[in-house]
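**Student:** Keeping their order, the protein sequence lines are chains A and B.
Counting with my numbering, you get residues 111 to 777 for the letters of the first sequence.
Counting with my numbering, you get residues 461 to 627 for the letters of the second sequence.
Calculated from the structure, these hints are not laboratory results.
Among the hints, erroneous ones may be present.
[To be verified] Straight-line C-alpha distance at most 25 Å; calculated DSS-like pairs for lysine-lysine:
| no. | chain 1 | residue 1 | chain 2 | residue 2 |
| --- | --- | --- | --- | --- |
| 1 | B | LYS468 | A | LYS529 |
| 2 | A | LYS529 | A | LYS382 |
| 3 | B | LYS468 | A | LYS497 |
| 4 | B | LYS466 | A | LYS382 |
| 5 | A | LYS382 | A | LYS600 |
| 6 | A | LYS529 | B | LYS526 |
| 7 | B | LYS610 | B | LYS526 |
| 8 | B | LYS521 | B | LYS466 |
| 9 | B | LYS526 | A | LYS382 |
| 10 | A | LYS529 | A | LYS600 |
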Amino acid sequence: MLIEMIPEIGHFALIIALLMAAVQACVPLAGAATRRPLWMAYARPMAAGQFAFLIVAYACLTASYLLDDFSVATVANNSNSMLPWYYKFSAVWGNHEGSVLLWSLILGAWTYAVSRFSRELPRDMLARVLGVMGLISTGFLVFVLATSNPFARLLPDVPSDGADLNPLLQDVGLIIHPPMLYMGYVGFSVVFAFAIAALLGGRLDAAWTRWARPWTNVAWAFLTVGIALGSWWAYYELGWGGWWFWDPVENASLLPWLAGTALIHSLAVTEKRGAFKSWTVLLAISTFSLSLMGTFLVRSGVLTSVHAFANDPSRGLFILVLLGITVGASLLLFALRAPRVSQRTGFAWLSRDALLLINNILLVVMTVTVLLGTLYPLLLDAFGLGKISVGPPYFNALFVPLTVLLCIFMGLGPLAQWKRTHARTLWRRTWLAGGMALVIAGAIPLLYDGEWNLRVSLGLAAALWIVLPMLRGLLDRMRQGTSRLAALRKLSLAYWGMLLAHLGVAVTIIGVSVVANYAVERNVRMGVGDTASLAGYTFTLTELGERRGPNFVAETARLEVQRGDDDRHFVMTPEKRLYLATGMPMTDVALRPGPLRDLYVAMGEELGDGSWALRLQYKPLVRWLWLGALLMAIGGLLAVIDRRYRRAVTARDPERAALKNAQEASA
Amino acid sequence: MRARRKQKLFVILGMVALVAVAVGLTLYALRSNINLFFSPVQIVAGDAPLERQIRAGGMVKEGSVKRDPESLDVTFTVTDYVEDVRVRYSGILPDLFREGQGVVVVGRLQPEGWVRADEVLAKHDENYMPPEVAEALEEAGYAPEDYQDKAAEVGERLDAERRVDQE
Numbered sequence: 111m112l113i114e115m116i117p118e119i120g121h122f123a124l125i126i127a128l129l130m131a132a133v134q135a136c137v138p139l140a141g142a143a144t145r146r147p148l149w150m151a152y153a154r155p156m157a158a159g160q161f162a163f164l165i166v167a168y169a170c171l172t173a174s175y176l177l178d179d180f181s182v183a184t185v186a187n188n189s190n191s192m193l194p195w196y197y198k199f200s201a202v203w204g205n206h207e208g209s210v211l212l213w214s215l216i217l218g219a220w221t222y223a224v225s226r227f228s229r230e231l232p233r234d235m236l237a238r239v240l241g242v243m244g245l246i247s248t249g250f251l252v253f254v255l256a257t258s259n260p261f262a263r264l265l266p267d268v269p270s271d272g273a274d275l276n277p278l279l280q281d282v283g284l285i286i287h288p289p290m291l292y293m294g295y296v297g298f299s300v301v302f303a304f305a306i307a308a309l310l311g312g313r314l315d316a317a318w319t320r321w322a323r324p325w326t327n328v329a330w331a332f333l334t335v336g337i338a339l340g341s342w343w344a345y346y347e348l349g350w351g352g353w354w355f356w357d358p359v360e361n362a363s364l365l366p367w368l369a370g371t372a373l374i375h376s377l378a379v380t381e382k383r384g385a386f387k388s389w390t391v392l393l394a395i396s397t398f399s400l401s402l403m404g405t406f407l408v409r410s411g412v413l414t415s416v417h418a419f420a421n422d423p424s425r426g427l428f429i430l431v432l433l434g435i436t437v438g439a440s441l442l443l444f445a446l447r448a449p450r451v452s453q454r455t456g457f458a459w460l461s462r463d464a465l466l467l468i469n470n471i472l473l474v475v476m477t478v479t480v481l482l483g484t485l486y487p488l489l490l491d492a493f494g495l496g497k498i499s500v501g502p503p504y505f506n507a508l509f510v511p512l513t514v515l516l517c518i519f520m521g522l523g524p525l526a527q528w529k530r531t532h533a534r535t536l537w538r539r540t541w542l543a544g545g546m547a548l549v550i551a552g553a554i555p556l557l558y559d560g561e562w563n564l565r566v567s568l569g570l571a572a573a574l575w576i577v578l579p580m581l582r583g584l585l586d587r588m589r590q591g592t593s594r595l596a597a598l599r600k601l602s603l604a605y606w607g608m609l610l611a612h613l614g615v616a617v618t619i620i621g622v623s624v625v626a627n628y629a630v631e632r633n634v635r636m637g638v639g640d641t642a643s644l645a646g647y648t649f650t651l652t653e654l655g656e657r658r659g660p661n662f663v664a665e666t667a668r669l670e671v672q673r674g675d676d677d678r679h680f681v682m683t684p685e686k687r688l689y690l691a692t693g694m695p696m697t698d699v700a701l702r703p704g705p706l707r708d709l710y711v712a713m714g715e716e717l718g719d720g721s722w723a724l725r726l727q728y729k730p731l732v733r734w735l736w737l738g739a740l741l742m743a744i745g746g747l748l749a750v751i752d753r754r755y756r757r758a759v760t761a762r763d764p765e766r767a768a769l770k771n772a773q774e775a776s777a
Numbered sequence: 461m462r463a464r465r466k467q468k469l470f471v472i473l474g475m476v477a478l479v480a481v482a483v484g485l486t487l488y489a490l491r492s493n494i495n496l497f498f499s500p501v502q503i504v505a506g507d508a509p510l511e512r513q514i515r516a517g518g519m520v521k522e523g524s525v526k527r528d529p530e531s532l533d534v535t536f537t538v539t540d541y542v543e544d545v546r547v548r549y550s551g552i553l554p555d556l557f558r559e560g561q562g563v564v565v566v567g568r569l570q571p572e573g574w575v576r577a578d579e580v581l582a583k584h585d586e587n588y589m590p591p592e593v594a595e596a597l598e599e600a601g602y603a604p605e606d607y608q609d610k611a612a613e614v615g616e617r618l619d620a621e622r623r624v625d626q627e
């Protein structure tokens, strides 16, 4: 009896959350406009209430999955009684309805976090920020309830078992990838709300940037990890060892990341120098709009992929309208109010300001090229001008040179000073690093395989050009202090974060250039007892067998792998699975990971006469791709815990601080 | 004040120039890197260019998949139930590749009328006919009746066989 009630409770909780979101959107915004403290005070309790009811709704849906309640349509379509419990748990967001609910839940969590950690904000600013987030939340909850209700029932004809989760999604990477990505996408709504609040209030000062920056960094770090997880998943799950396909779905997540990266740097200039204010606001709007567009592209069914769940055109249209309203309204507001927040600040052409401006322009150009390549086929199709696809060569031809250009300025940026840097100072700090980068990068490919490879050298040079000048900067600072350790300790966490994130970029670039040029792949036909060699390793197929898993049957292979003439060997066991409920085949890859190389074996197909087509791959430094992304994310988070973000308000605003002290004393 | 205005002007001019160059390069790169989609009917009619990468799609014809016993070479026929195109490929076919299922082949059309595939992408489609192919057929003047019944019949028969196999 109780089990049957759970989805209804969830449904009611969702409706209450929508109502609270609507109140949170309207009352505080109206209060801020008319300066009514009571109305503004609605924002925080509503944010908390909305979050609580969203948790209830989400927990109810999860319970229906775990309890195999196939009377709920989404459970029947995406789960199965044989599915292990952890995949039942992640199946909640492995479909359109559940993933939009997760989106809303995460938005609720961010809103609640803002209301908890931004008590220091001026009252009207907090009211506006939470009000804008309430507006977004209202839009999404209406979307959930009107077009994709996750609690829709299949009554009275309850199926006896579910249709099962897509086997591609039955994987650990997929348990964490969507929540991480959503934390990033949705996290940018905070800085978006801050930007809109600044436009509404006509006030954008250094304190504003200091509030907005940590939120942006956290969202960016989550998005970075989410993208890396997606790439890692594609690498081992799709069975052919690629880690980035320039697939529109991947591009959809890369676009807000690029814009968000530009935003982080622009915020730095706005905080330190008070410049680029309207530009920062515009970037904040663009970043969140691109996040929304990503959600639209991926979920609407415009693109065919594992991610495209929605086949109902009304859903796509709804998100498109939501996107249109968000972008249109915020750009209109920007056009009307941006002149009020902008401020003129001069800077010399050779300065950190100018270098960061160039960084921003390059990142925006990269965003635009990726956007064009992603949308062009969709637009042509929409206007009936033919079906085309834009392949990786397009993206590589534009993205790679732009990245190299970006790296050149990335090397200079941290060494330049704000406002003005002398060319001679910059030269003195960089010539040695630059020379070393060129020499080392030129030599390493020769050491590696004796054959000089321009692309690898270029990638290495770019990476070293980022890292070596940073080291030089650190050394210079160590010399300045009384002792070396003291000088290092004086550096702020934000500075360390920057170093780490830039190091991450360098690590990723090294990984990309090496694995893209030195990876070796062989497709071979092997029977039991056959051997094949690849990049100095000998693979021997010793056994073919069968195995039964919880919800699949698998054909298995056992390969013994030897390196060179070494006597020791290790075993790799790839599988070809057939998932019973869906009848879908799946390749389960055998991986031998390592810091310097991965070995990768995937079973292709049975070729009759007992032999199999096997795909053997040698992937040097492929782990560095994701390691770099992890460093970037850690760097971003490290900058957040910098002290200056916590004591900002009391120092800046003595009046408020006094008021707060008085309140505390009376309480 | 004047210096600042000048600086602003330079920033704007620089941005406009950069964006113009970027858009120009982008469009150029787009033009040389887009792959057009063709159905077997269009390929047989001679609409598809030779020696340029194209995407060809349709259903894998029943009983047409032939593997070379020694190597990983494979040939199969892609059909829209109106016309057939032969495809040669060397390598591992995707998991979802099956006779009677939708497939997209990225490759080059040879003068003899067959396609050398660089990449084979399987499409899981319940409709027994990928929408691109259906549209291409419609444009070529075929009414849905001309191929739909045949496609549905083949699809259903293969489904039934598969069900028997599994049991």
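**Student:** Each hint should be assessed against the structure and marked as holding or not.
**Tutor:** Okay, the hints, checked on the actual structure:
no.: 1; hint: B:LYS468 - A:LYS529; verdict: holds (15 Å)
no.: 2; hint: A:LYS529 - A:LYS382; verdict: holds (10 Å)
no.: 3; hint: B:LYS468 - A:LYS497; verdict: violated (42 Å)
no.: 4; hint: B:LYS466 - A:LYS382; verdict: holds (23 Å)
no.: 5; hint: A:LYS382 - A:LYS600; verdict: holds (18 Å)
no.: 6; hint: A:LYS529 - B:LYS526; verdict: violated (69 Å)
no.: 7; hint: B:LYS610 - B:LYS526; verdict: holds (23 Å)
no.: 8; hint: B:LYS521 - B:LYS466; verdict: violated (68 Å)
no.: 9; hint: B:LYS526 - A:LYS382; verdict: violated (67 Å)
no.: 10; hint: A:LYS529 - A:LYS600; verdict: holds (22 Å)
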